[in-house]
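Taken in sequence, the protein lines are chains A and B.
Just so we're aligned: the first sequence equals residues 1 to 129 in the numbering used here.
Just so we're aligned: the second sequence equals residues 130 to 316 in the numbering used here.
In case anyone wonders, no lab produced these hints; they're calculated from the structure.
Hints should not be assumed to be uniformly reliable.
Here are the simulated DSS-like pairs of lysine-lysine, each with C-alpha atoms no more than 25 Å apart in a straight line [as the list claims (entries may be wrong)]:
hint, chain 1, residue 1, chain 2, residue 2
1, B, Lys217, B, Lys269
2, A, Lys15, B, Lys158
3, A, Lys116, B, Lys244
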Amino acid sequence: MSELVNKFQNLSLEKPELSKEQQAFAAQWESVLKTGRTQEQLGELNLQLRDNTFALATYQPTLIDVQLFEVVFPLIKESIFSSKDVKGNYAKQRHVLRWLDYLQRLLQIPEDDQLKLNYDLELPREVIE
Amino acid sequence: MVNLVINGKAPVVAYAELIASRIVNAAHKDAITVEFVDEKNAAPVVFNGSSDDTFAKIISTYPDVFGHESSEEVAHWIKVAREQLVVKNFQQLSQSLERLDAVLNLRTFILGGLKISAADIVCWGALRSNGMVGSIIKNKVYVNVSRWYTLLELNPSFGGAHEYLTKSMQGIKKAVTAGKKKEGHKA
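Turn these sequences into a full structure, and let the hints steer you where they fit.
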């Protein structure tokens, strides 16, 4: 068990009973994690987190959020550091950023390792076509 | 005894106060007695005999439930909720929702914390009372507002507030009708 998963379980958040739809989300993201396709699914994850606060559309984060966080966090950090177009990068993956920020604080990632977000960066409003 | 009287027929129903009292009562069993009235001209909400600053008063009475967040920030959002989010003018409301949407770009909750705060309650309550808002949320016109609104709705204190209000109002009507019949019988 990874350190983060351990930490998460020590928070002992209520485990929600998953609806049919949430079970389907769980199966989808478990398969992404298992097959190591997380990077290519980042856009899909951003979309999921646009409409839902957490990956499985639950009221509180679940273990799958933490497992996704472990993989996604270094990828996004890298993309933020290496990006020249900060605003464009923020705008494109704003929902993943929001979710990462929530989890990095929930899991008490050490300050120095945290991704520092500029919460009030003016981003263009996202309009669903 | 602490009591809250909600006017179910007010032009702007005091959902924020109702939800706050439900959250208090979930933490401290029956701490606030909630009553309902069915009178067009009565105050929308009365907390412990006063109809002024009702939401702020409930919040400050239970700091253990609502936390000690910067009261300045909460005061700002109370003002936004009261002055902007209950507005039924589509253009004005759109501008207010656009601003809220921008705040929620990178924040899960309005004040940026890990939990629901008084600012979330007062804004959600104002939007719940506004008949213009339902379809805007459903159609994801402001995606961040829709996501945030839907999350809070999953909390029974929020999501169940409307049904609780409707049932209580039906209870009042029944009681009134029953009372009338009784009087008629006597005469």
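Tested hints:
| no. | hint | in the structure |
| --- | --- | --- |
| 1 | B/Lys217 to B/Lys269 | holds (18 Å) |
| 2 | A/Lys15 to B/Lys158 | holds (24 Å) |
| 3 | A/Lys116 to B/Lys244 | holds (19 Å) |
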